[in-house]
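Colleague: Generate coordinates for the entire structure from the input sequences, incorporating the hints supplied.
The listed protein sequences derive, respectively, from chains A, B and C. 1 is the number of the first residue of the first sequence in our numbering; add one for each residue after it. 243 is the number of the first residue of the second sequence in our numbering; add one for each residue after it. 368 is the number of the first residue of the third sequence in our numbering; add one for each residue after it.
A hint or two may mislead.
[Stated by the list, open to error] When the alpha-carbon atoms are kept at most 25 Å apart in a straight line, the in silico SDA-like pairs for lysine to any residue are as follows: (1) A:10 <-> B:275; (2) B:276 <-> C:409; (3) A:183 <-> A:157.
[What the hints assert, rightly or not] Restraint ranges, calculated between C-beta atoms of paired labels, are given here: (4) A:100 <-> B:364: 46 to 54 Å; (5) B:304 <-> A:113: 39 to 47 Å; (6) C:392 <-> A:153: 38 to 46 Å; (7) C:375 <-> A:184: 46 to 54 Å; (8) B:332 <-> A:200: 25 to 33 Å; (9) C:392 <-> A:49: 50 to 58 Å; (10) A:115 <-> B:365: 48 to 56 Å; (11) B:350 <-> A:9: 27 to 35 Å; (12) A:28 <-> B:318: 23 to 31 Å; (13) B:304 <-> A:150: 43 to 51 Å.
It should be emphasised that the hints constitute simulated quantities derived from the structure, not laboratory data. Note that this is a predicted model, so its numbers are computed, not measured. We put the beta carbon where it would ideally sit given N, CA and C, even for glycine.
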Amino acid sequence: MNLKKEFRLKHIVLSLLSSALMLSILGLLLHVKSGLHKSVGDIILTLNMETATANAVTSVVTFFRGIDTLGEVTVLFLATTGIALMLSTSQRTYEKVVHQESFILNIGSKLLLNVIILFGVYIIIHGHLSPGGGFQGGVVIATAFLLLFLANPNMHLNHFILTLGESLSGATFVLVGLIGLFKINILFGNFLPNPVSEIGELVSGGIIPIIYIIVGIKVGSEMSVIVEYFIKEDNKKEVSNA
Amino acid sequence: MLDFFNSNETIHFIITVSTMLLFTIGLYGVFTQKNLVKVLISFDIMETALFLFFIGLHYDFGRVAPIVDGNLNTFTNMVDPVPQAMILTTIVIGLAILALGLSFGIEYFRLTGTNDISKMNELRD
Amino acid sequence: MIGLIILFTFASIIVVALYAVLSQDVTQAVILFMGVGLGSVVLFLIFQAPDVALTEAVIGTGLSTAVFLLGIRHTSIDKEVKS
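Modeller: As structure tokens, this is what we get:
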């Protein structure tokens, strides 16, 4: 057991007082008493029967609070751009390091890749019927690409397809919101037919599964690019300029 | 005795005190650690404590998850779905910001060769 | 009954987090932080939030640990190890 040996009293007291202050303010703002208040959540649950989705959290993320999802997609795009700018190699001279390849790891990882991607697509598509959705499925797809990189560090991803997928899905997301605005005067409104009798089927809920598929493609491609930039750092050996 | 542990006030009291302790541990790590990666780990512990606090305070004993399947048919007696939707997107954003911070650390290490935060004082005159 | 389960899970999470912050080895701290993530997945399931539990399970155990370990590898002096 190797722990630190010295503790300063002022650090411990300062941390305790700051966390007590912050959590008491948060508790006051949340204003949660058991069963005394009627909050927005109760009203949303009674309205949820008209949107014909079995998962209430999905309809809150894509339909009732669609603008928050737009902001989140923007923040992800900015973070990925920042990482790509910091770790790019256009300004220094590097010589490439080639690693040894192994035959068994290559074949085995390619067999497993198909199963993991199928699982991720299943989670994305069934987002409105069971726990799941675009965010979870996108990260599962990025984990499949991480497996591929761990087995073979010399691999290259096709940057053209990844860039195309990410930018097209971002533009389609905004376009779908604007179509809803022009047709029925609600931003991110539900303009496809969604009868209540089809709750629980795969094709139900109108625009909600389509929005989640678009978000899933975007999150999956962005996380794959982040993983690739972190692993490609290993292939550089700095040339000492004499 | 078991009735005492099933009441709403006891559960909310346990959740508040425990997440406060977890937040304190994370904040202590941010104050005193010298390695850059350990500062980021402590920051992530603070975020996890806040997520547990948000979701935990909206839980009452006897309510179910907000999903309708073959047995349930109406949306009654369910937990509030709005905090869950907000925390869902926040977890994914936390991962992206962590990767951004680590990329800054990698680039700084490549330029100067140190990852000790007490030696990063180029702006001091 | 549920209150006892919540109490024990919170106690184990706090002990693991304390060990993670105070340890000297950085790799050990990252693996212990993955334990905090696993405990929080159990807690999210007890609080009847399956979507949040699924997200935290995939991110906290898969990608977050991988990104941390790659960051540690590139910020420590190991110029002799590369073969």
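Colleague: Each hint needs a verdict: does it hold in this structure or not?
Modeller: Each hint tested on the structure:
no. : hint                        : in the structure
1   : A:10 <-> B:275              : 15 Å, holds
2   : B:276 <-> C:409             : 32 Å, violated
3   : A:183 <-> A:157             : 40 Å, violated
4   : A:100 <-> B:364: 46 to 54 Å : 40 Å, violated
5   : B:304 <-> A:113: 39 to 47 Å : 44 Å, holds
6   : C:392 <-> A:153: 38 to 46 Å : 25 Å, violated
7   : C:375 <-> A:184: 46 to 54 Å : 51 Å, holds
8   : B:332 <-> A:200: 25 to 33 Å : 29 Å, holds
9   : C:392 <-> A:49: 50 to 58 Å  : 54 Å, holds
10  : A:115 <-> B:365: 48 to 56 Å : 51 Å, holds
11  : B:350 <-> A:9: 27 to 35 Å   : 32 Å, holds
12  : A:28 <-> B:318: 23 to 31 Å  : 29 Å, holds
13  : B:304 <-> A:150: 43 to 51 Å : 45 Å, holds
In this structure, the hints that do not hold are numbers 2, 3, 4, 6, in rising order.
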